[in-house]
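Visitor: For this one, chain A is given, so just place chains B, C and D on it according to the hints.
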Amino acid sequence: MIVQPVLVVAAALFSLGIYGILVRRNAVMVLLSIELILNAVNINFIMFDTMLADVLMQGQIFTIFIITIAAAEVGIGLAIVLMLFRNRQTANINEFDLMKW
Amino acid sequence: MILPRKSKYYVAAFALLGTLFSLAPLVIQWANYSSPIYAFENSFVVDKFSIILKGLFILITYLTFLLSINFIESDKYYQGEYYYLLLSSLLGALIVSSSRDLLTIFIGIELASTPMFLLSGWKKGDRKSNEGAIKFFLLGVLSASLILYGFSLLYGLSGKLVFSDISSYLLSASLANSPVVLLSAILVISGIGFKISVVPFHSWAPDTYEGAPLPVTAYLSVSSKATGFVALIILLTKVFAGSGSSWGIILVIISGLTMTIGNLVALQQNNPVRLLAYSSISQAGFILAPIAISGITGDYQDGIFASVTYLIIYAFMNLGAFLSVHLFSNYSGSSNFYEWGGVARKSPLAGVLTTVFFFSLAGIPPLGGWFAKFVVFRSLLGSANSIGIILGVVGAINAVIALVYYARISKVIWMDELKSSNEEKIFQFENPLKVVGIFTVLITFVSGIFPGIFSYLGEVSSIFFGN
Amino acid sequence: MELLTNGVGLSVVVFFPLISAFIITLIPKAQEQLIKGFALVSSLITFVLSAVLLFQFDFSSADKLQLGNKISWIKSINANYEIGIDGISLPLLVLSTFITVLAIIYSIEHLPEPKSPKGFLALILVLETGMNGTFVALDLILFFVFFEIVLLPMYFMIGIWGDKTVRTVSGFKNQIETRLYASIKFFVFTLFGSAFMLLGFLGLYYRGNKTFSIPELIELGTSGAFTGTFATLVFAVLFLGFAVKVPMWPLHTWLPDAHTAAPTVGSVLLAAILLKLGSYGFVRIAIPILPEQAKAWAPAIAILSAIGIIYGSLACLAQTDLKRLIAFSSVGHMGFVMLGIASLTPIGINAAMIGMVAHGVITGLLFFLSGSMAHTYHTRDMGRLGGNMKLLPKTGALLGFTAMASLGLPGLAGFWGEFMALLGAYNPLDGLNITVFRTSMVAGAIGTVLTAGYLLWMLQRVNLGEPSDEWSDKDLHDADIYELSAWIPLVVLTVLIGVFPKLIFGATNDAVIAMLSKAFGG
Amino acid sequence: MVNFKSTVFAEGELVYTDGGILAEYAWLLVVLPFVAALVITFTGKYLPLKGAEVALTTIGVIFLYSAALMYLHITGGVVNEFFINVGSIGVFDIEFGWVVDGLSIMMYFVVGTVALLVFIYATNYMEGEIRYTFFFTSLTLFAGSMLVLVSSPTLIQILIGWELVGVCSYLLIGHYWEKKDNSSAAMKAFITNKIADVGLMIGIIILALNTGTLRISEILYQSTHNYEKLSTVAFVAAILLFIGAMGKSAQFPLHVWLPDAMAGPTPVSALMHAATMVTAGVYLLARMFPFYKAMAPEALDVVMLFGVITLLAAGLIAVVQDDLKKVLAYSTVSQLGYMVAAIGSGAYTAALFHLWTHAFFKALLFLGAGSVIHAVHSNSMLEMGGLRKVMPKTFATFIIGTVALAGLPPFAGFFSKDEILASFNHEGETTFFFIAVIGAFITAFYMTRAVSLTFLGEYRGHGHPHESHNLMTTPLLTLSVFAIASGWVNIPGVYTGFTDWVTTRKNKIVEYHPESFDLFALSSGLLAGLLGIGLGYYLYQLQGSAETGDDKIKIQPIWSVLENKYYLDHFYFKFVIDPVKINISKAVDKFNTNVIDRFVNGFGQVASLMGGVVYNNFDQNGIDKLLNMSSTGTDNFGGKVKLLQTGKTQQYLMLFLGGVVTISLLILFII
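The listed protein sequences correspond, in order, to chains A, B, C and D.
In this text, residue positions in the first sequence follow the numbering used here: the first is 1, and each later residue adds one.
In this text, residue positions in the second sequence follow the numbering used here: the first is 1, and each later residue adds one.
In this text, residue positions in the third sequence follow the numbering used here: the first is 1, and each later residue adds one.
In this text, residue positions in the fourth sequence follow the numbering used here: the first is 1, and each later residue adds one.
Some hints here could point you the wrong way.
[To be verified] Listed next, with one range per pair, are the computed distances between beta-carbon atoms: (1) A:A72 x C:A236: 56 to 64 Å; (2) C:I19 x B:F21: 35 to 43 Å; (3) A:L32 x B:R127: 48 to 56 Å; (4) D:E53 x C:G383: 38 to 46 Å; (5) C:D478 x D:E467: 38 to 46 Å; (6) D:G212 x C:I488: 36 to 44 Å; (7) B:R127 x A:A72: 21 to 29 Å.
[Said to hold, decoys possible] For lysine to any residue, the following SDA-like pairs were computed, each having C-alpha atoms within a straight-line distance of at most 20 Å: (8) C:K70 x C:E216; (9) B:K238 x B:Y169; (10) C:K390 x D:A485; (11) B:K124 x A:M83; (12) B:K425 x B:Y169; (13) D:K393 x D:A485; (14) C:K502 x D:A485; (15) D:K180 x C:Q460; (16) D:K581 x C:I307; (17) D:K574 x D:S184; (18) B:K124 x A:T90; (19) C:K29 x C:T168; (20) C:K115 x B:G342; (21) D:K179 x C:W457; (22) D:K180 x C:W457; (23) C:K295 x C:L220; (24) D:K389 x D:Q541; (25) D:K179 x D:G128; (26) C:K75 x B:I453; (27) C:K394 x D:Y46; (28) C:K394 x C:D475; (29) D:K180 x C:S468.
I should point out that these hints are in silico values taken from the structure, not numbers from a laboratory.
Yeah, the Cβ is synthetic: ideal placement off N, Cα and C, and Gly gets one too.
Next comes chain A alone, as it looks inside the complex (with noise of 0.2 Å):
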């Protein structure tokens, strides 16, 4: 079975998302990249699962957990923003430096 080129694929993801998270602007496109980086976790469990062919199938629940816990953050994430845009009619991440120091 092939496990090294989905690995690989997994670490691209977690760079990309990496990558995203720095040059990014918009605190959504940060966010998505995040999710990027939670979808690369998500294929290493599952690489893993069948891998080792877990009999308790521990990666694949771990998964949807993560799935499940991703989401809610979303929707978190997504009211800050949408928040923060209401007040201040931007989703510019890098112009919220209202504190210094």
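Guide: Using the frame of chain A, we list chains B, C and D on its own:
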């Protein structure tokens, strides 16, 4: 939540009672405790460590509620949700403290932190609050995802989720120091490092603290930090016990940096909340130090003992400090504590409380802080290890530096002249807050004069945990 | 009297002031008289009790630790509530309770601004607990706690009731009120010292099979448990902790500022008792536990003390501020004390003990006088004072007397400390570098001349001569009954100790000899 | 606690009594004055005579007691010493006590007598002066301190008395402290003595540590039985003790304080700075004489040298003084020089004998001078003259004093000075002998000058001076009796009771004592005295008058050198006092504030500065810089730097991940 808005204050009363009652089972458990009880395939355990920390979490939450009452009623905030969210965060903390597998602990952490994202942005109209929330949220999620990545690697390596299995597997396969394990350890440390806000994962803390409503900030700086530490302790000693020598060094460096940078930056602050934020960063450095050293020496028991004792004492005095900041900033309406000249004379009680808390944080006997610092130094020097001693010296110097900014506040409120704008204002010190103040100040004194009690808690937790 | 001998008595002496301080905080602000009365009574009770203990104390075995007790305090780190007194700590304990009474008597009518008897007296009593506790503690952690407890009250005394004049401080950009600068400087300096001291204690704890008990550690130390770099480091940090408190040159710079800024009573207590905590620490902890290190460090200490003596006296000659002058004189006098300690001989350390007491009494009185003069004249500038003998005859006469006592006039208390310290320094413990010690002795002897010089010069500028015109129209009040009743006892004590030093030596001698013979094999 | 049976060493052939009750209670001598001083301080103002009566009764008692002791002693030598232990320190017993033997009894008597007369004199002299009561307090205090000193059986008590008399002289010299000069003079006296006391202190320390005791008699015992440990340090100790003596007994070059001390009231000068206090040094040397003799004969030579220098130098200065009291002061210095030199030459008795006679006639002279000054309200002899007629009693007594000082038979000075000269001669110190003779000549000369300037010629002052009150003249008369007769107690070959008095001590005195008159010394001394008087009379009476007398002897530059007292004071101030008081101390203070404090504060500054740096650069926007630095290298990355240089949140994220990366690098590749 179903109650009509006007009768929302029932919620408060209800929440308070609920939290208080939830202490009861703990007491019972403690009373007839024989040996650790495992549940759900060893993924959940009830031992003294968990009992003690659950007690701590519940107490903190209780005090936070007391702090919140007036704040919530002072403005148009959703009460029900507020308490609900705090309580669920508490639930997360409770889960963490007795979780024994990756999934449970992850759920616990998420449950503990996710509500805080919302609470930190609770002051909807306030931009600062929003900003704090978004920063907190983004970093929080990132950290969570890093932790997850680390977990996934662990799982992939061992195919287990329960700590005991993982660690035994790692030991048997002698993978304890393999790059993958170390990498996952790093990811976990960084992820949790965010929650306990140690350098360099601390940057969110000041902003979020400043933005969030004060009770939430207090909760953040005490309870979530404690949760983070608990999670860290569990993971490091249960999973990565074998590779202590490696992460030990890292944590030593981190804690040294954290103490120093936190202190030095705190010297610069004029906003009390930010000051407390940085102070709690440097305190985190102190709490981290014993664990770090225990990683190097392998004497986890001692490390846990010191850290837990510190945590318990720190929790209360820090809450108290936030309380006094809350009081004075409400009173003077200024978030620059240099404006607080002589306010202590308006309310000596508040003044005394403030003094006690801040000097306790500075670690001056007979206030609790000294013993917290003391146990840390004790375990550092006890390591009889040059790194430990160096870290101890760094800590000692930091303790002195810290004094400067802690003393500054009480200097301002006692020694400076009362501002004319504050002359006629009357000082509000609501009863719930009084309760919090008295309670925390009592604990602070007791923990300083009879530290035996607290060190005992720390000790038993360490004994029953470090097996 | 079972209760007195089984440690309860001592504990009461230590904690009664603290309790009374707490009670005072409960008394409403309005009832000033009640507050003052209560404070006075409680301090008196404490003093009387300590006097009773004085009679319970068995002088025939003054080298044994007596009237003490040992109960578990912090089990997990094996720190115990272990107390007791011997000939070394007894005089200092009584002195501290005594001075506190006088301080409170003085404060009854002469509260510094802002007048708030409640806080001030409460702080004094808390301070007393710290001081008494330090002298009875026989457990390093207990000692540390008490040693630190004194910081907070003194910090607030200086900071709140201190001197409000604004001055420029070298190295600071903008001006700062003396009291603020002085208070934080005092605090940070001392904490700096004691933070390291604590590390030293912990070092001893781990090498000395996990005990904090001073007697046990002494046993271990004298049986050579602590050696090598470890011991050197530990002694170094202990030295740091104690030397800051003494203060020894060059760690003394917090002292002049603190004294100048502190309110009268504050500087009295600071000079009379707090400085002694450091030198007491040397005698009680550093030397007996680490005798070999003490031996190794003794020459350095002697040199520093000699420098301190000369330096302090010279600095005095340059002062224009009365209180600052007296503060610097403390540096010189404590130099003699430390010189005596450094000699590590029974003579030297006895000299140090009597020196501590004498300095406490005399300099305390000097600060009382200078403080009340500063209060009367609203200035401490000796250029403007003068003819004090004419304006305030009583105060002036007492000032003259005290100055004479302070310059080590034989027949008064100050003499024994200086002379015996020199005597000890001439023949230090065998194996110590004779040359160093004799040189320091000569330096000390020259110091006595300088001391006489600046004190007489001070008298000439303050007491003698014709008063300047600016005072002619003001109505200046000479010492009132409260002041006199606070001062006269000190005068009497000065004379008594001067003509009959046995009052101190009777207690200390055996203890000191026993301690040294244990440390250095007699 | 009192130790009656103190270890008596089998020395001295004579069998001594222990003095019985009288000796036992001799402590009263010491204690009474202090009690009296207290009484005067607190009750003085309310008494009819403002406290004088208390002082007088006290001193009267002391006089009687000392007289009784004297009688007891003459009838049968008394030697006894009593110790009170006031504390043990290490091996040392710190003991006070009192010694009753020939030497001390002689001193008791001198102090008692002179003090009594001076007190009586002062009651009138000080009448109406400010601080009348305080004056008597400190005078009584002084008497007490002096008795502490002379009654001391231990070195420590000597030191105590030593400094106490110093303080009393400080108080009394500065009696008129409204004038800065007076208080400065007082300070000068105190400091000069203090400097000398350093010597004494160290000397005592050395002796104590090398003999293991502070008891004088035991130290002397050890020295006469040449203990090894003591002999090694003997010379140093001896010199140090002598330095102490130089201070009190105003030996060159530490004599500078004595002339200034004349700022005090005249009775003070008479009692302290002529009769008693200044002889403390001589007393100390005498007390320790066996030690010097047995262990440090070289030191004795040094002592003698300084003594001789002093007697000549001071005498010369006395010639040029215009202030009557200053003349007497320098004469005192010079006479003290005689005594010290005598001790140095090993003539123990001679020195004490001169101390004894000198005490009386010098006190007489001072009191006479005081009476004159009281009358003319000036110290300067240029404003006197011709007082012979108006003040007959004063004149007569003054003349007696002068002759006694000049050393003409049968007056007291003749015998004592002759004995000193004789012992010089016997020791073969020819040079010193002749210097001493010249000294005698100078003494006679300046005294004649003083007399003629004061009493002969015409009155040059203002007002109408008149004879003083009986209370002042009676002491003069009494003293003049002593000035005549006190010499007769020690006439070689006739009656040498004095020798027996002062040599009856616990420790045997080995010294030279002339059995008969040494005619050579006698004649040369006498001749010198006569010549001096003759020359003085010739210059100031026969040749011209008192006014023009000085012109004849104004030989430059010697005259100005003498007028400036050999520039000693200039030297001290220019090179010792001012540098210390002004330059060095200022420098130290500067050092304190500007170096140490600056360092300390600087530390704090640095801390907060670092805080600022960390805060601004690292904590808040350091990441940009960090990226700049890391990125400038590579272009493709540099392009994105622009995108990366963004606001806060992303910096935080960046920092976060940067942290992770660094840690991973650390842990994976370094550790």
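Visitor: If you check each hint against the structure, which ones fail?
Guide: 3, 10, 12, 14 and 19
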